[in-house]
Amino acid sequence: MTRWFVALCFSAVVWWNLGFGQAELETGTEGLPALVFRYLDSPDSEEAERLLQVVQQHPDASIERVIRIIETERSYDSRPIGTLPDERVRVQGQSYGVALSVPLTYQPSRGYALIVCLHGAGFTGDVYLERWQARLGEDYILACPTYPAGAWFTRRAEDLVLATIRHVRQRYHLDPDRIFLTGMSNGGIGAWLIGMHHAPLFAGLAPMASGLDDVLMPFLANLRNTPVYIIHGAKDQVMPVALSRSIARELTTLGYPHVYREHQGEHPMAGGHYFPREELPALMTWLSSQRRNPLPAKLTVVREASHFQPFGWVRLDVTDPIAAFSDDLIDKRDHRITQREYARLEATVVSANRIEVNTERIQRYSLFLNDRLIDPAKPVTIVTNGRLSFEGTVTASLEILLRQARLRQDPRQLFPFHIAVEVPKSVS
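Each residue of the sequence shown is one higher than the one before, starting from 0 at the first, in numbering that gives the first Met the number 0.
Hints are computed from structural coordinates only; laboratory data are not their basis. A hint or two may mislead.
Distance ranges between label pairs, derived from CB positions [what the hints assert, rightly or not]: (1) Q236 with S350: 17 to 23 angstroms; (2) A281 with D213: 25 to 31 angstroms; (3) A376 with R332: 37 to 43 angstroms; (4) Q52 with A281: 25 to 31 angstroms; (5) D326 with K234: 31 to 37 angstroms.
In silico DSS-like cross-links for lysine-lysine, where the CA-CA straight-line distance does not exceed 30 angstroms [unchecked claim]: (6) K297 with K424; (7) K424 with K377; (8) K234 with K297.
We treat Cβ as the ideally placed atom computed from N, Cα and C, and that holds for glycine.
Turn these sequences into a full structure, and let the hints steer you where they fit.
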């Protein structure tokens with residue numbers, strides 16, 4: 000592996016503002032559904048805090064009612080369809096282009112799958128849109144953001160991908176269990192990195208002609224519940240095929256669901272570094288068969304210090320000293336990174352109301368639960384590293400439900416219960 004590629008892959012691990020005007024709060028005249036969605040969608044944090052208080056004080060607000068609103072009552076206005084080559088998404092005050100394709104047969108009453116495709120170096124999102132449009136049927140919305148030089152291995156690029164999903168989700172009716180991330184070359188590296196750190200968001204990943212630095216391999220453990228479809232050319236001289244082979248071996252060792260396709264083709268311009276048309280039918284069949292499980296009974300999460308956002312129904316809160324990635328890691332590689340000193344947690348709902356957790360380098364973590372994971376009418380038992388760390392009843396909170404719903408933007412992951420657990424210290 001060349002030095003530049005090692006730096007390129009490694010920098011990738013580390014990583015919204017829709018411009019709405021501030022809305023007036025109409026506590027007496029506005030219905031609860033409208034207030035809930037204004038709170039969830041507001042790009043202004045101060046306005047969101049005011050809306051949060053209004054929602055909680057609304058006479059019709061209950062946990063059950065708010066859950067039903069978020070799950071089933073979002074309405075979708077008529078939106079442009081067809082090819083939309085220059086949508087704009089703002090990230091950290093900067094505007095980025097997103098090429099969007101919406102089926103001509105789009106109906107707001109049904110949910111559509113979303114494919115986010117990341118371009119390679121020297122390309123743009125609109126170019127990839129043209130390539131992919133003909134490949135997809137009428138069940139898919141396609142979003143192709145553009146990031147300078149295809150540098151999908153920075154924190155800002157990661158934020159662009161997440162903002163793109165949020166941008167589409169607020170305007171079009173998506174199936175939250177059919178969101179996919181794919182990419183070619185540098186875009187494939189981004190699909191790996193962003194996909195690994197936000198695995199619970201995706202129904203599947205499809206990285207092409209890409210790879211990972213060895214220090215990033217532990218993050219593959221995050222893909223326990225996220226299937227992967229890997230395509231790589233055996234004669235690729237840009238990204239050596241050994242990169243994808245090593246990832247496929249690691250996924251096999253982990254016992255995780257994946258497909259590895261290695262083609263022998265060569266393109267007149269790109270050599271083996273391309274995606275052959277012959278591989279398309281099998282990939283489309285795979286995509287059409289994937290559905291995300293939004294509430295798996297078992298989660299594995301590996302984190303470094305710049306990614307402490309929730310991961311499914313768990314979140315790391317406090318850790319021992321661990322590796323910390325910068326926004327752009329091309330020049331950074333300290334001893335904690337080279338030694339792969341990351342925090343790790345495995346959480347399993349092993350039986351009714353019993354959750355067992357194993358941790359490494361973690362001092363405190365949080366569980367976010369709902370009545371599909373536990374029976375809230377009965378006591379909950381949590382065992383951490385073989386020792387009892389919580390036993391008792393849990394109390395639902397409308398504020399927790401709303402704050403987590405705004406953070407996650409996922410109608411299938413709604414959590415009114417929160418338990419913070421101190422990890423018992425080892426007995427020396």
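Checklist line | Contradicted hints - numbers only | finding: 1, 3, 4 and 8
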